[in-house]
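S.K.: Each chain, written out:
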Amino acid sequence: MTLRSASIALAALIAGAAGLAMPLAATAQDGPLRIEITEGVIEPLPIALPTFIPEGGAAGDYAERITNVIAADLEGTGLFRRISQSAFIAPVTAFDANVDYGNWKAINAQALVTGAVSTDGAGNLSVKFRLFDIFSEAPLGEGLQFGGTTANWRRMAHKVADAVYSRITGETGYFDSRVVYVGETGPKNDRRKRLAVMDYDGANAQYLTDASSIVLAPRFSPQGERVLYTSYTTGFPQIYELNVATGSRNPLPVPAESMTFAPRYAPDGRTVIFSAAQGGNTDIYRLRPGGQPERLTSAPGIETAPSFSPDGSQIVFESDRSGSQQLYVMPAGGGEPRRISFGPGRYGTPVWSPRGDLIAFTKQNAGRFHIGVMRTDGSEERLLTASFLDEGPTWAPNGRVIMFTRESAGADGQSGLFSVDISGRNLKRVQTETAASDPAWSPLLD
Amino acid sequence: MRTGTTISGVGHAALILFVLFGDLFSGRTPPPPPAADVQLISEEEFAALTRPEAAPEASDVAPPPPPETPQEETPPPPPSAERPPERAEAPEARAPDTPETVPVLPEPLAEAEVSDTPPSEPAPPAAQPDLPAAPQSVPRPATRVAPTPAPPPPPDAERAPERTETTAPEPEEPADLFVEEEPPAAPEEAVREIVTEAETPASAEDAPEEETQDAGLGRSPRPRSRPERRIAAPEAEPEPEPEPTPEPEPAPEPAAQTQRAETPPEPAEQTPDLSNAVDDALAGLMAEEAAPETGAPAGPPLSRGERDALRVAVQRCWVVDVGSEASSVTVTIGFEMDRGGRVEPGSLELVGSSGGSDSAVKTAYEAGRRAILRCNATPYDMPADKYEQWKQVEITFNPDDMRTR
Numbered sequence: 001m002t003l004r005s006a007s008i009a010l011a012a013l014i015a016g017a018a019g020l021a022m023p024l025a026a027t028a029q030d031g032p033l034r035i036e037i038t039e040g041v042i043e044p045l046p047i048a049l050p051t052f053i054p055e056g057g058a059a060g061d062y063a064e065r066i067t068n069v070i071a072a073d074l075e076g077t078g079l080f081r082r083i084s085q086s087a088f089i090a091p092v093t094a095f096d097a098n099v100d101y102g103n104w105k106a107i108n109a110q111a112l113v114t115g116a117v118s119t120d121g122a123g124n125l126s127v128k129f130r131l132f133d134i135f136s137e138a139p140l141g142e143g144l145q146f147g148g149t150t151a152n153w154r155r156m157a158h159k160v161a162d163a164v165y166s167r168i169t170g171e172t173g174y175f176d177s178r179v180v181y182v183g184e185t186g187p188k189n190d191r192r193k194r195l196a197v198m199d200y201d202g203a204n205a206q207y208l209t210d211a212s213s214i215v216l217a218p219r220f221s222p223q224g225e226r227v228l229y230t231s232y233t234t235g236f237p238q239i240y241e242l243n244v245a246t247g248s249r250n251p252l253p254v255p256a257e258s259m260t261f262a263p264r265y266a267p268d269g270r271t272v273i274f275s276a277a278q279g280g281n282t283d284i285y286r287l288r289p290g291g292q293p294e295r296l297t298s299a300p301g302i303e304t305a306p307s308f309s310p311d312g313s314q315i316v317f318e319s320d321r322s323g324s325q326q327l328y329v330m331p332a333g334g335g336e337p338r339r340i341s342f343g344p345g346r347y348g349t350p351v352w353s354p355r356g357d358l359i360a361f362t363k364q365n366a367g368r369f370h371i372g373v374m375r376t377d378g379s380e381e382r383l384l385t386a387s388f389l390d391e392g393p394t395w396a397p398n399g400r401v402i403m404f405t406r407e408s409a410g411a412d413g414q415s416g417l418f419s420v421d422i423s424g425r426n427l428k429r430v431q432t433e434t435a436a437s438d439p440a441w442s443p444l445l446d
Numbered sequence: 001m002r003t004g005t006t007i008s009g010v011g012h013a014a015l016i017l018f019v020l021f022g023d024l025f026s027g028r029t030p031p032p033p034p035a036a037d038v039q040l041i042s043e044e045e046f047a048a049l050t051r052p053e054a055a056p057e058a059s060d061v062a063p064p065p066p067p068e069t070p071q072e073e074t075p076p077p078p079p080s081a082e083r084p085p086e087r088a089e090a091p092e093a094r095a096p097d098t099p100e101t102v103p104v105l106p107e108p109l110a111e112a113e114v115s116d117t118p119p120s121e122p123a124p125p126a127a128q129p130d131l132p133a134a135p136q137s138v139p140r141p142a143t144r145v146a147p148t149p150a151p152p153p154p155p156d157a158e159r160a161p162e163r164t165e166t167t168a169p170e171p172e173e174p175a176d177l178f179v180e181e182e183p184p185a186a187p188e189e190a191v192r193e194i195v196t197e198a199e200t201p202a203s204a205e206d207a208p209e210e211e212t213q214d215a216g217l218g219r220s221p222r223p224r225s226r227p228e229r230r231i232a233a234p235e236a237e238p239e240p241e242p243e244p245t246p247e248p249e250p251a252p253e254p255a256a257q258t259q260r261a262e263t264p265p266e267p268a269e270q271t272p273d274l275s276n277a278v279d280d281a282l283a284g285l286m287a288e289e290a291a292p293e294t295g296a297p298a299g300p301p302l303s304r305g306e307r308d309a310l311r312v313a314v315q316r317c318w319v320v321d322v323g324s325e326a327s328s329v330t331v332t333i334g335f336e337m338d339r340g341g342r343v344e345p346g347s348l349e350l351v352g353s354s355g356g357s358d359s360a361v362k363t364a365y366e367a368g369r370r371a372i373l374r375c376n377a378t379p380y381d382m383p384a385d386k387y388e389q390w391k392q393v394e395i396t397f398n399p400d401d402m403r404t405r
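Order-wise, the sequence lines are chains A and U. No gaps in the numbering here: position 367 of the first sequence is 367 in the UniProt record's numbering, and each next residue is one more. No gaps in the numbering here: position 335 of the second sequence is 335 in the UniProt record's numbering, and each next residue is one more.
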C-alpha cells in the first residue's frame, strides 16, 4: 500500500513537473487559427438605392416618389443608411445593366437596390426591383415585380421596402401595414375624439367615426379588416365592432347594462376578450362566437387590459389584486394567474409580441411613465422610453417596433404617436394630422 | 522496502521541486536590491546630482532601452499593475517604461536631443524649481501612475507623458497595427452601448473622438509585463515626472519632455547598477523571447498582439442588429487567406452555430461573412513568416454581450 501510494505520488510529481516544465511552445497550433469576436458595431447598414428608372412616359414622377418612400421606410428603421447618389461612381442607367460590384464596394455599399417603374397610361402602375449583396458579389434573391394602380403607389413602395428589409435582415417587414388610432382635436378640457386609420408612416389618414361621442382604444382584428373599440355613445363605455371597409358598426352582444371596455381579438379573429365592471369589481371575460360571455377572473379588484399570446394559449393582463397594479399571465380559459412583474412602480396595458417572446407594457414609477418590454416570464425587463406620460404600446406586425402614445405636460399638452425599436433605439415621432392617441398596429397587409 | 522507497520518493520529489523552483526564485531575486537605493535619494541630493552629471549619463542610459522594447510582449506576468505604490519596486517597474516608449514614439529623437541639451545649457537648473516637489512625493505619484492606465484621465496636458508611456508597451509587436486600428474601434464602443430614453440619454455619438483616446486605456492589462522586468530599476526616476506635471500644466507638453530629459541624469549616480540592471534585463528578455520561438513546429505561433490585430480588424466591420433574432445566434465562420492577407472569397463557410431559427442563423452568418469580406478591402496585415499559422482561420461571432448590454 504505502509503496504503491508512494510510487503513485512520485509519478504524479514527475508528471506535474513535466507539465510545469513544458514551455509555452505547446501553444503552437495545428488547426485553423481560432478567434472569437464578441464586440461588433451597432450602426446602420450602408445601402445604395439609386432612383428607380422610369420606363414609359409618365412614370418618371412615380419613380422618384416610390424611391423616396422606399428610402424613408428603410432608413426609418434605423438599420439602414442610404448612400448619397452623388457618391455613386457610375450611374445606374438601365434596370438590366450588369452590376459592377467594384464600384459599389468602393463607396462601401453593402447592398444595392435597383428598380424600374412603368405605367400603361390607364392608371396601372408596375414596379420591379432587384437586390444585390455587394460583398458577396451576388444577387440577393430573385427580382420581384409588383403591379397595381397609380392610386396605390405608396403601398407598392412599401412592398418593395418590405422585400428588401426581409431579405437583408432575415425577418419580415412591417412597412405595408396600417395603424388605427384616436385622432384628437380641441383643448384638453373639451377634447373631440375620432377613430382614424393611416399607413404605418402616417400617410393616407382617414377618419372612421365622427366626433359625436368619445371613442377609446381601437384594436385591429388579426386580419385587419375589423376594429374593436370602446365608445361612449350610450353614455357609458360599451364595445363596438367596426368594419373598416364599409364603415358599418355593431355593439358587441353583451348585456347592455354592464360597462365593457378594453377589448381585444383572440388570434382566431372571432373570439373576443374584454373587461366588464360590475359593482366596483372589474373582471376579464371571454366571448366566443355565438356564445355568452364567460368570466375568466374572479379576484376582487380590477382585472383588465387582457392580451392573447400569439398561439392563443395564454392571456396577459393587469390586476391590482396584490395591492398595486401588476402584470399576470393565465391560461386562455381562465385559471390561476401567475404574476410576472415585480419591479418598483405600477405596470399596465400589457401586449404580447407577435413573435411571442416579449410582452410590452406601460410602467409608472417615480413620477414618470415608461414603455418597456420583458420576457413572458417577467425576466429581462427593459425600459425603452421615459417621459411625462407614455402609454398604450402596440407591436409592429414583425414584433420589432413598438408604437405608443406620448402626451406632453401642461394645460396645452398634446398627445402624439411615437415609435421605438425594441432595442430602445430609434425613438421618433409618427406624423399625424391632428393630435393622436391609442394606436393599434394592423397585421401586414396582403 | 517501504521506508526505502518512501525515502527515495520524498528525496526525488524534493530534488525535482528544488530544480524546478530553486532556479526560479534565484533568478528573480537579484534585481530588487538596486531598486531600493533609488528611493533613498532626497530632493536636494537629487537636484544636486542631476545638475553636474546628468549630461554624460543620460546618453548612456537612453540608447540601450530602445532595442529591448520591440521584443517584450510574450512574457505577460499576472496583473501587477496595482502593486503597492509605496515600495521601491514601483519606481523600478517604471524604468522599463521609458525604454519602451522610446521606440514607439518620436521619443528617440527627443532623447537624442536631451543628451545634448543638459551639458550645453543651464536648462537643468531652470527646470529644477519644478523638480523639488517631485522627489518628495515620489512614492505617491506611483500610486496615481499605476491606476491611470485603467480609468480615462481627463486632462490631456498633464498626463500626456504618462499616456504615451502606456501606449508604448502595447504596440510592442504590431505597433503600427494598433495605432491604426484603435481609432476605428473606438467609434464602435461609442455606438455599441444602447442608451434608451429610459436610461439617462447620453449623447453617445459625440463621444467617438474621446473614446479613441481612451481606447488605449483598454489595453491596461498589458502593463503587467513591466513588474517582472524591474531589473532596469535605476531609471525609476521617470516617476517624478507625474508630480512635476501639476506645475508644468501651463506649459504642458514641452515641460513634460524637458523633465523627462532631466530624469535620466539621476541614474548617473548609480551608473554601475544601472548598466548591470540593463544588461540583466536584456539578457532576461532575450532568453524569454528565444524560448517560445524555438518550440513552434510550423513557424512561431501568432502572438497575442497579432491575433488581436486580426480580431480588431474584423470586429469593426461586424454590424450587429441587436433587436433581431439573429442577435441571439452565435456562428463560427471558417475561411482561408492567401499569403497577402486576402480572404479567399470562395472559402467562406459556416462551420457551426448555436441558438436561433434557421433563418436567424443564416442572417447571422451573412452578417459575419460581410464583416470578414468588407474589412478585407485592404488585406489583413498578418506576419508573413507565420503564414502557416493563419492560413486557415475560424472566427466565432458571439453577440451575447452586445445584446444584453
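The hints are simulated quantities; they were obtained by calculation from the structure and are not laboratory data. For glycine and all other residues, C-beta sits at the position ideal for the given N, C-alpha and C. Warning: the hint list may mix true and false statements.
Stated by the list, open to error - Label pairs and their calculated CB-CB ranges:
no., chain 1, residue 1, chain 2, residue 2, range
1, U, 344, A, 150, 44 to 50 Å
2, U, 344, A, 342, 36 to 42 Å
3, U, 354, A, 139, 28 to 34 Å
4, U, 379, A, 107, 15 to 21 Å
5, A, 342, U, 338, 39 to 45 Å
6, U, 347, A, 147, 54 to 60 Å
7, A, 428, U, 347, 40 to 46 Å
8, A, 380, U, 351, 25 to 31 Å
9, A, 166, U, 354, 48 to 54 Å
S.K.: Each hint needs a verdict: does it hold in this structure or not?
M.R.: Each hint, compared with the structure:
no., hint, verdict
1, U:344 x A:150: 44 to 50 Å, "holds, 49 Å"
2, U:344 x A:342: 36 to 42 Å, "violated, 53 Å"
3, U:354 x A:139: 28 to 34 Å, "holds, 29 Å"
4, U:379 x A:107: 15 to 21 Å, "holds, 20 Å"
5, A:342 x U:338: 39 to 45 Å, "violated, 56 Å"
6, U:347 x A:147: 54 to 60 Å, "violated, 42 Å"
7, A:428 x U:347: 40 to 46 Å, "holds, 42 Å"
8, A:380 x U:351: 25 to 31 Å, "holds, 29 Å"
9, A:166 x U:354: 48 to 54 Å, "violated, 24 Å"
Comparing the model with each numbered hint stated earlier shows that hints 2, 5, 6 and 9 do not hold.
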